[in-house]
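K.L.:
Here are the chains, one letter per residue:
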Amino acid sequence: MSITYHLGPNLSGRSEALRNVAWPNASRPDGIYLHPNPVVNFSGFARTVAGETFLHNMAPAQQASTNSTDVNPVSDLAPSQSLLTLSGGQQVRLVLACALRSSRPILCVDGLLEQLDPLARGAAISMLSELPREIHIADNYGGLVARAAARDRLHHRKPGIPDLNAGLADVARTLRGVRVNAPDLELRNIGFRYKGGATVFTDTSFVLRAGRTYLLQAPNGSGKSTLARLLVGVLRPNAGEILVAGCRHAPHRSELNLIFYGFQNHQDQLFGRTASEYLEKVAARAAIRPTFLEGSVGLDVAALIGASRLDHFRDVEPFELPSFVGKRLSVIAALASRSPWLFFDEPSIGSDTEGRSALGDLFHRLAEAGFGVVLVSHGSEFDNIPGIQRITIRESSLVLEGV
Amino acid sequence: MPGEAGTSVRSNRTQGGGNKGAKASAFCSIDLHRQNAMRESWVVVFISFRVLRAHGSRGYGGPSHAYLVPRLGRPNERYPIGSRRALHRTQCRPRSRRVHYKAADLLGRRRNDHICYPGRRTSVEGICSRSAGRGGQLRHRRAFDQPRDHVVHPHADSDSRLQHAGCPPASARYDFWRPRRPRGGHSGHSPGRWAWRRSWLGQCADNHLCLRRNHRGWRFRDSRGSLEIWRNALQFGARNWPSFGTARQNHSACRGSGVTDGHAASCSLAVRRPVEMRASMLSRIALGLAGIVVATSMGRDQLAPAAAIVLAAYLGAGEHRLALRLATTITPIILFSGILWLLVDGITLEWTIEPMRRLIAANANFLSLLRALVGSSAIVLAFATVPDGEALVALRQLRIPAAAATVLAAGATMGATVAENSMRSITALRAQGFLAPGKLALLRRLGSVAALTWTTSLSEVVARAEGKWGGNGFLTLPPPQPIRDRPAAIRGSCVLFSTAVVMGLLMAGAGR
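The listed protein sequences derive, respectively, from chains A and B. Letter by letter, the first sequence follows residues 1 to 403 in the numbering used here. Letter by letter, the second sequence follows residues 1001 to 1512 in the numbering used here.
Keep in mind that a hint or two might mislead.
Beta-carbon label-pair distances, calculated as ranges [to be verified]: (1) A/S296 to B/A1451: 21 to 31 angstroms; (2) A/E317 to B/L1446: 43 to 53 angstroms; (3) A/I288 to B/L1440: 15 to 25 angstroms; (4) A/L119 to B/A1451: 34 to 44 angstroms; (5) B/A1451 to A/I288: 15 to 25 angstroms; (6) A/S129 to B/L1440: 51 to 61 angstroms; (7) B/A1450 to A/S129: 13 to 23 angstroms; (8) A/S254 to B/A1419: 21 to 31 angstroms; (9) B/G1470 to A/R390: 22 to 32 angstroms.
These are calculated hints, taken from the structure and not from any lab test. C-beta atoms are modelled at their ideal positions from N, C-alpha and C, and glycine is treated no differently.
Please model the entire structure based on the sequences and the hints provided.
P.N.:
See the structure below:
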């Protein structure tokens, strides 16, 4: 019926606005609000795709609108597929499919669409626009998609809320004089397959040079997170080897600090009682851990918090942080980890336009300082980073895009 | 007729005259199959041993009436029957097709879809049961019909077999195959009928004994077969137990040994698919109560009977799968704990009989552990193993209030979530240097992993409670639905009542 885009900077109260639209009356909600973290939108009672859709078909109040649309965003998913094995984009599509079963007249989507690749995002938005409902979308990519017959609602940051984007720019500025030396990373004939699952990598060979920024863009479920887990050493490749500075290295057996992995969902990564305690623990551990990195950033935790303007959230529990702040904290922690290679999974999720630009600047500075940086993103926010190299996963292999 | 269920579609006339009970059960209704298999299981094994002893290892059936009973293993050289003639004699294809046409018309499906095997909708929606009205009557599938996912049609499962009809060539005989019944005049104690019967029972013996056949029809022991049967039983439930006579259909027939066409793959997929478990809710209550009683019962004397009653309740309610899972889950833990206990006591008290006495003494700590294990396992199994998506529905059917049902169902599902979160926590700790490689390091840092897992899970649950359940009103569920499976409900209530009585007596005894 109509789509309203809620535009504005981070911490401007867009999520609150969406909740107020969806739940104006606590006793009788009018709409459905979809949380930015797709897992939270699952019922928690089902283990498979079929189970989840079954539960959402169950309520009689929700059966009325089952036929409201013939589009099924999860038509390509196997019904027996476990929810735990879904990639981020697949989770989002399942959440949307379940939300379509509802008969509520209002549907509020908070930042979920950012996690879809451009093709799926376009399809999802066109599908939503055809629904006979009132759709509200808080999407930092709102300005990038075709928005026929859409309305915009602007939000502004309230006074007293710190500008974390400016803080990110400050951090990037402090990196100007920093020079570290990270080793090159080489994957040689790597093969990996999950037990009882599909093959993810077959005879993959690729060299990642330190001092460069790589942008890994691949469809959902193609193996981006698997690559990170292989480098971290949680998974062991079935074939091939990993070489660091030309020497064989087995991450699954080694304690050497090679990769810092920033999770897509920051809650999987953060721990400790407060935000500052988390950073302190990371820094303390990094100080005693052997690393491939020569040199250091030279910022202690206090300086890091000060430069990134996270003072406001210093004593907040990591799990009570707003999503955007938690995500930013998970990125900042990389600077305290003394890891030569930094792997960020969708670091710009939840960031507004300024934030994405500031993140791009920070990653460029990190690469200039000598770190190896791998970014995973579905958007085009990092296209402007000078010298960025696009890589993708095609036919179970990591390849340079355009080659 | 025992053994006829679970086979291909056959019309009444195909079965010959005389035996009204042998009228066909089309589309392999599992309830019939189960009943028949249970009824004949011991008889089959007994008779088949006699058959094996009488005829060695070369096949089944005596030399007489060989022209009527195409034997497994040896091609009939004396009276060779061509496939066209066999087709004419058995008329398997046209008559089964006629029944199929009837089913297809009833269900509004295409008539040419006569090859029915698991995974096809046509094979699960219509039932031609001899217990339905007059024998062989077709009816729609009802709610309480058991799903028949794992049933394989050995006779009509591929085009090639249909062509061979009642007399497949030797190369096709080393799979499960149904011999043709002799036509009129061979009823009662007719030698032809007995030959047919022997041949049929011999195959059942193969099924039970995990025997397979080579290209000559000679039997040999399949070493992997029995393991696979038990693995299937563990994984897919009681209906695939070997005692129910579907073992061969569960493994050998679908492993591509004899069937090399595309059907083998699809069949294999269909068989390995986890079947939906339709357990009686009341029996679950019984099991849960039994578990609670076991967990709280005192002393050695009550433990053994209580555990036995738990298992008996499982078996009585038809929950073989749960019983098996209970046994396989806790038995290793109990054994390991006992050994550990003995070891520790043996070190301190020297290696005498004393540690053993202390282990099984009344009010021993080990018994407490045992009680906790048995009790908690029974409770968890009773409530947490409902199939996917049904936990909440099942609890609501038990008239449990929505809030309590939500808590229980969420708790049941929480296990998988926690497992996944712990994996992510390990990755996060590993990536940030807090976890060294190796299992020993993981053991050392178990506290960190648990803490991160706990906080991640908690945060997820809190957000879900706020948004999904609270704001979006996901808790607005329909009123409880009536339990349609009346026989299972009655059976379950009987088990519940008897269990409650026995438990009450036990507890009264303990009180004295």
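K.L.:
Just pull the numbers of the violated hints for me, sorted ascending.
P.N.:
When the structure is compared with the hints, numbers 2, 7, 9 turn out to be violated.
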